[in-house]
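Visitor: The chain contents come next:
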Amino acid sequence: MNGLFQHAPVLPVVIPLLAAFATPLVAKLGKTVRRTWVTTALVGTFAAVCLLLWRVLDSGIQVYVLGGKSSTLVLPSGMAFPVRILFEVDAISAFMAFSGSLVAVAVGLYSIHFLRESSALEKHDVLLLLLVAGMLGMELTGDAFNFFVFLEVASVASFALIAYQRKRPESIEAAFKYMVISTVGALFVLLAVGFLYGRYDALNFAALASWMELTTADKLALVLLVASLAMKSGAVPMHMWVPDAYGEAPASVTALLVSVSQASLYGLFRVVFTLYGLEMNVLVVGWIIIALGLLSMFVGVTMALRQHDIKRLMAYHAVSQSGYMFLGLGVGLAVLGDPVAFGAYGMKAMEGGIFHIINHAMYKGLLFLTAGAIFLRTGTEDLNEMGGLGHKMTFTTVCFIIGAAAISGLPPFNGFASKLLIYESVYLFNPILAIIAMVVSILTLASFVKVFQSAFLGPKPEGPQPIREVPVFMQVGMGVLAVVVVLFGLFPGAVLDYLVHPAAQALVNRAGYIVQVIGGGM
Amino acid sequence: MFEAPLLAAAGLIIIGLFAVLFKTNLIKIAIGVTLIESGVNLFLITTGYRKGAVAPIYTLAPEGQQMVLPTPQALTLTAIVIGFATTALLLSLAVALYKHHGTLDARKIRRLRG
Numbered sequence: 119m120n121g122l123f124q125h126a127p128v129l130p131v132v133i134p135l136l137a138a139f140a141t142p143l144v145a146k147l148g149k150t151v152r153r154t155w156v157t158t159a160l161v162g163t164f165a166a167v168c169l170l171l172w173r174v175l176d177s178g179i180q181v182y183v184l185g186g187k188s189s190t191l192v193l194p195s196g197m198a199f200p201v202r203i204l205f206e207v208d209a210i211s212a213f214m215a216f217s218g219s220l221v222a223v224a225v226g227l228y229s230i231h232f233l234r235e236s237s238a239l240e241k242h243d244v245l246l247l248l249l250v251a252g253m254l255g256m257e258l259t260g261d262a263f264n265f266f267v268f269l270e271v272a273s274v275a276s277f278a279l280i281a282y283q284r285k286r287p288e289s290i291e292a293a294f295k296y297m298v299i300s301t302v303g304a305l306f307v308l309l310a311v312g313f314l315y316g317r318y319d320a321l322n323f324a325a326l327a328s329w330m331e332l333t334t335a336d337k338l339a340l341v342l343l344v345a346s347l348a349m350k351s352g353a354v355p356m357h358m359w360v361p362d363a364y365g366e367a368p369a370s371v372t373a374l375l376v377s378v379s380q381a382s383l384y385g386l387f388r389v390v391f392t393l394y395g396l397e398m399n400v401l402v403v404g405w406i407i408i409a410l411g412l413l414s415m416f417v418g419v420t421m422a423l424r425q426h427d428i429k430r431l432m433a434y435h436a437v438s439q440s441g442y443m444f445l446g447l448g449v450g451l452a453v454l455g456d457p458v459a460f461g462a463y464g465m466k467a468m469e470g471g472i473f474h475i476i477n478h479a480m481y482k483g484l485l486f487l488t489a490g491a492i493f494l495r496t497g498t499e500d501l502n503e504m505g506g507l508g509h510k511m512t513f514t515t516v517c518f519i520i521g522a523a524a525i526s527g528l529p530p531f532n533g534f535a536s537k538l539l540i541y542e543s544v545y546l547f548n549p550i551l552a553i554i555a556m557v558v559s560i561l562t563l564a565s566f567v568k569v570f571q572s573a574f575l576g577p578k579p580e581g582p583q584p585i586r587e588v589p590v591f592m593q594v595g596m597g598v599l600a601v602v603v604v605l606f607g608l609f610p611g612a613v614l615d616y617l618v619h620p621a622a623q624a625l626v627n628r629a630g631y632i633v634q635v636i637g638g639g640m
Numbered sequence: 826m827f828e829a830p831l832l833a834a835a836g837l838i839i840i841g842l843f844a845v846l847f848k849t850n851l852i853k854i855a856i857g858v859t860l861i862e863s864g865v866n867l868f869l870i871t872t873g874y875r876k877g878a879v880a881p882i883y884t885l886a887p888e889g890q891q892m893v894l895p896t897p898q899a900l901t902l903t904a905i906v907i908g909f910a911t912t913a914l915l916l917s918l919a920v921a922l923y924k925h926h927g928t929l930d931a932r933k934i935r936r937l938r939g
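Heads up: the protein sequence lines correspond to chains A and B, in order.
Here the first sequence stands for residues 119 to 640, numbered as in the numbering used here.
Here the second sequence stands for residues 826 to 939, numbered as in the numbering used here.
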């Protein structure tokens, strides 16, 4: 048991990584064995993340060393060059991993039935597990180069999964487009890591943060990191890949891609809060992030209004909703240097933004899963060709209503709780920003009312294939996320106290993050 | 000339970006991506360069000789492997697109809009 605790920070990456490469062998034993294997691996990953989360909340930041025990280690041969990578897990890392791995469990259950008809399922499972490993690795690592490696692991897995329906030329086109943009973005991350390494001879986030001097090379690295990670998290004006990739990937994969792009969002906030923090001009960078957020919110929702493909529509809403996270955390960053303002509303704005991250992962995951359920039964993603699904697909309809109410910020669902926090705090910072956020929320509601009306209401459909409820595992997958959405909405106080507040504190506590590595003789 | 490798890296990245942004042939776009990648790799290697130093193989280093830094070489090796994977996947996607459309011209392939 002690050994398990000791290795808790690395288990969430190790489990899906090993399970992924064992899957082709396990698949030889039959379909049922493979499904059980993949589901067990995903549940095991989630359990490991829960253990890690508990350790972090209970006893503070967890540091795990892969390689040389100490940074001053001298080998018996006299060589003083320790090769080591650190995993450093604080409350925000564990929070992101919790959110991502919970969605992964729901997606794993859902895809058991969803993709039953497709070929090459064992390859899909390998890629899915690699995607989870890459996502969690990005969130748990404390090393800049390691972050790039996991970013690429997650990206390559997601390119292949977007192109999974390879009979559709659109899927391959979306994958190619995303791949070019994403690879160039990732190379810019690597270039920034090179700049930082060349200056400080270190790759560890904590070590880099403690020596940060904000020279020209550091500023260049900041620009590269913010731009490429904002692109990876789908912020306008670098959002053009989002509707294509989310729209063309299988619905189960899209639900997880939302969480994967949030891992890049986490990377962005790790860079601005921990790596640079108060060393840079937080007001300027904060306003840049707020501007990205406003653009994303507004452009995302207005583009969504004119879509008639259900998944493209939801993808534009994903862009729009990530704007709220940029807004909340951007306001927190802008007032980071002003203790009075930060105490009055900055902290609250950050909590709202962070709370919205997990809420978004849950309800948007749920909405994409319902879109997949609709596609499975009607064979179309065009809203104009659907109708009357509510008569037979009761469970899917209820899940859709829960997801749509949550994304529009209606009480008592989870989106309401986080949006209210953002409105209240951002209003104190700048009333206009809060008003724009509210208008966007109303437009979101309008758009989802349209989807609800055209997909679920109306006379009973008389298509060639009979409409019935989706298989049980798909219902379980949607049910898991729906329950979380409702629970988070009913008990926002508890979630704020146990998950969100520690995460926001961890993001602000730059000195604590540094001391764990530098001061502790690591 | 210490700056020469840096200038070469910058040149490779700029040429690659130009190809990615302005070329319409999918293979040329893929070449552009690999050019950026080579530029970044060259930059990484350069950060570890020390004038007159030898390769960082500890047991083979002559007495009193400086070694170049081993970390950037390890990083570059990793980045090359990742680049191999992305290039292979990118080209295979281009092949799949060619099979569907019979052309590699990005202007004729565009179906996803708005």
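FYI, nobody ran anything at the bench for these hints, they're computed from the structure.
By construction, the Cβ of each residue, glycine as well, lies at the ideal position given by its N, Cα and C atoms.
Incorrect hints may appear among the rest.
A few chain A positions that, by computed beta-carbon distances, are all more than 12 Å from chain B [said to hold, decoys possible]: (1) G148; (2) V267; (3) I290; (4) T301; (5) L305; (6) L309; (7) G312; (8) L332; (9) G497; (10) Y541; (11) P549; (12) L563; (13) V567; (14) R586; (15) G630.
Under 8 Å between C-beta atoms, here's a sample of chain B residues computed to sit facing chain A [stated by the list, open to error]: (16) N850; (17) V858; (18) I861; (19) I907; (20) L915; (21) R936.
Visitor: Run the C-beta distances from A/L309 to all of chain B and say if the shortest one exceeds 12 Å.
Guide: The assertion about A/L309 is violated, with a minimum of 5 Å to chain B.
Visitor: Say whether it holds or is violated: A/G497 keeps its Cβ farther than 12 Å from all Cβ of chain B.
Guide: Nearest chain B Cβ is 19 Å from A/G497, so the label holds.
Visitor: Is the Cβ of A/Y541 more than 12 Å away from each Cβ in chain B?
Guide: Holds, because the least Cβ-Cβ distance between A/Y541 and chain B comes to about 30 Å, which exceeds 12 Å.
Visitor: A cut-off of 12 Å on Cβ-Cβ distance, and A/V567 was said to be off the interface with chain B. Does that hold?
Guide: holds, 21 Å
Visitor: Regarding the assertion that A/G630 does not contact chain B, is the least Cβ-Cβ distance greater than 12 Å?
Guide: Holds: least Cβ distance 27 Å, greater than 12 Å.
Visitor: Are all C-beta atoms of chain B more than 12 Å from that of A/L332?
Guide: holds, 19 Å
Visitor: Does the no-contact call for A/V267 survive, Cβ to all of chain B over 12 Å?
Guide: violated, 6 Å
Visitor: Hey, is A/T301 genuinely clear of chain B, shortest beta carbon separation above 12 Å?
Guide: violated, 5 Å
Visitor: May I ask you to test the interface hint for B/R936 with respect to chain A, counting a Cβ-Cβ separation under 8 Å as satisfied?
Guide: holds, 5 Å
Visitor: Can we keep the B/N850 interface hint, with Cβ of chain A closer than 8 Å?
Guide: Since the shortest Cβ distance to chain A is 12 Å, the answer is violated.
Visitor: Should the label of A/I290 as a non-interface residue stand, given a Cβ cut-off of 12 Å to chain B?
Guide: violated, 5 Å
Visitor: Does B/L915 hold up as a contact with chain A if the rule is Cβ-Cβ below 8 Å?
Guide: With Cβ-Cβ at 6 Å, under 8 Å, it holds.
When each numbered hint is compared with the structure, violations occur for hints 2, 3, 4, 5, 6, 7, 16.
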